[in-house]
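Given next are the chains, with one letter for each unit.
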Amino acid sequence: MKKITVALAGNPNVGKTSLFNALTGAKQKVGNWPGVTVEKKVGKIEHKGVDITLVDLPGTYSLSAYSEDEIIARDFIIDEKPDIVVHIVDSTNLERNFYLTSQLLELGCPLVIALNMSDMADAQGDKIDEHMISEYFEVPVVRTVASEKKGIQKLLDAIIGESSLGPHHEHEISYGKKVEDKIRVLEEILHHDKSLSKYPSRWFAARILEGDANALSKVEKSSVWKKADDFLKNCDSDIYEAEMADKRYEFIGAMMPQVCSKCATNLSVSGMVDKVMTNKYLGIPIFLALMWAAFELTFTFSVPFMDLIDFVFVSLAESASASLPGMWGSLIGDGIIGGLGAVLIFVPPIFLLFLLLSLLEDSGYLARAAFIMDRLMYKLGLHGKSFIPLLMGFGCSVPAVMATRTIEDKKDRLITILVTPFMSCGARLPVYIILAGVFFGRDAGTVIFGLYVLGIVIAILSALLFRKVLFKGEPAPFILELPPYRMPGIKTALLHMWERGAMYLKKAGTVILLGALIVWFLASFPEGIEYGSEASYAGSMGKFFEPIFTPLGFDWKIVVALLFGFIAKEIVVGALGVLYGVGESEESLSESLQADPVFTPLSALGVMVFTLVYVPCVATVAVIKKETGSWKWTLFSVFYSTGLAWLLAFIVFQGGKLLGFA
Amino acid sequence: MAVGIHCLPGWKVIRFCIRKMDKIRARLWFSVVVGIAYLFFGLMQVLSSIGVMPEISIFPADLMGGLLLIVISFVFLFGARELSFGEQEGVSYVYVGIVLSLIMMGIYVFIVLGNLLSAALVPILEDGPFEWDLISELRPVIFLGVLSLIGFYSWKDEFSKPMKLR
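Line order of the protein sequences matches chains A and R. Following the numbering used here, the numbering of the first sequence begins with 761 at its first residue and continues without gaps. Following the numbering used here, the numbering of the second sequence begins with 500 at its first residue and continues without gaps.
It is worth saying that the hints were derived from the structure and are not from the lab. Don't be surprised by glycine CBs; every beta carbon is placed ideally from N, CA and C. Hints are supplied without guarantee of correctness; some may be wrong.
[Unchecked claim] Pairs of lysine to any residue residues, derived as SDA-like cross-links and limited to a Cα-Cα distance of at most 25 Å, are as follows:
#1 A/LYS1040 / R/VAL531
#2 R/LYS522 / A/GLY1031
#3 A/LYS1040 / R/GLU586
#4 A/LYS1040 / R/ALA536
#5 R/LYS655 / A/ILE1327
#6 A/LYS1266 / A/GLN1354
[To be verified] Derived contacts from chain R toward chain A, CB cut-off under 7 Å, selection only:
#7 MET552
#8 MET563
#9 SER591
#10 MET603
#11 ILE606
#12 GLY613
#13 TRP631
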């Protein structure tokens, strides 16, 4: 059977991953913002007897790659030489997308163009002539709507058809005499080293003239480096890069009226919405209003469902403890049902919050949030692009830290990695919900919203501190493409909700259950002691560390729960459920906490603040090590966040007491 | 107003310009009325939440809810300001204000439903009484949303179309 490799390339946020999912039936995460794909993904399909390996590449605006994800995309196209490159073009923004097309053609890639989101282009009144585009570029052009799986079969047919043709010739754009002369000389120099002959000579010479670091590094290792270096000393690469970019846009600009007779000149619906949402005065208040409303809804609407789940688990734990003898009753009632139930009651708010965040993300609003925060963030020493990983941190810190790969500058990236864990991930939500629900009543939603805002403030202030002390300099300039607003599909939003929420459920059945069992064991032994008493192993452990936390108003039970929270934050609530012996009495965890004199609104707020700020979990620490490649920065992150958590909880508790709060 | 400055003589053109002017005037007055209503209720809610005014059911003591109404009011009032200068693009604020206020209305309707469900569960799970009062649940953001609904139904066809700029 014939086998071919097909790369899906294109600008960020043109629907590459959606197309990949439509072609392969996979369920890779898609989002309406640039930079969702940071690593290439591979899928396999068969079409008309051809075995097709599909590679979904991270988005790139050009082949002059700057950020790490762009380099991944470019290296794959150049080094792996896929049989076909499918260039996915955003039909609502042809001119900008064709810039990459022109570069791919210069490279001599066997190309198929997918005009994606063509329905949106039609809706905004654009009249795109795909036959004319095909004639101009001499490649097949297919209209697609990946989200609705339209045009997929035609695209596959075009891929198979194109792959059966012979070698492709390189397209040339004339860069003007001055640049062309330089390219010719460079081509001549490079020609003398055979190791460089695998690259198209004209394309490679042009990249070197542009000062492309990746291309230059290849020449540096070659035998012609000295000659090339001598020649390049007299060339200002910035000027040549700008001149070549101008010529490419000139070429595209000349063809645009031919291929799109009515590309939008009106104020689009997205443009109208952006006029308001990115307004200098209204942008941030609207963002805060939307986020607050999302938290208020999350908390209030999920309460009855949580009450129902709580009722079921308390009844189950009670029956297990009553009907099974001695240790077994305690293990099943307090350990398994108590620990797991304490975590599972938070499924409704977690799923609801993820659903609301998915709706905001899919609508394209989150990209605007990054844009409106950029001015503020730049002043505070953070890169505007950092806001997207920070927002992803609301879901889980692990992919959020990985998403910092889209930040080109190493200092900006390191700062973002260090502050991302301060964004309150979904795993911390159960702690807030139980404590805010018990101690803050009707204001619980506002308290939770306040904690999320506090996380953002701590992240921003820490970034400012790091910029002033550790990583001096200015953040790199920020360019963000704002995707068009789209009506979020409920199916996609539910899928996103499930993807993120399932992680929580999976953890509940594995890490959290194991954590709850360990806590139960520590609370039950040595033999003969009262369950969950100070004489237990858990009590001894908690008592050992308790003096450190006494100034924060925490007792040994809270200390044990927080210590186990280092494995995964969800365990904090599970451990409290076990330590308060939910199965032993008719009381739910909420009632037990309310009855404990150690817990006051002030100490509860202290616990919430500590949970927000201290090191998120083992998985996040591991990914920080992987992304920074440094134990020094990993340990710094752990100690800085834990130290800061202690300090803030101390300020909350002692400061609150001084001000006369209980 | 500056609307109509670019109009040329000729009956058809004048009629078109008058219609255009009416269209913009309608949105201008709508955003003034709705913006002031949201601002008034928002301020009252903030004042009652900080204890300056006694809490009554139409002005609940809800600081964040009050601030939310003020944010919506500013969206409408920004639109009114631009439209009064004859800037056609000011319509964007009116449309976004309508959508934003309807989203908030929808969120609060779900919150009311959540409270209703919670109250309904009390007799079942805790043997307690069913305590729920529709009047106290009807927040200003819900009944003010009716004004936005009128705007939405009047101009809903224009929400999904690009705006032709003159």
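Handout entry: Hint numbers not upheld by this structure, sorted from lowest to highest
Key = Hints 5, 6, 7, 13 contradicted; others consistent.
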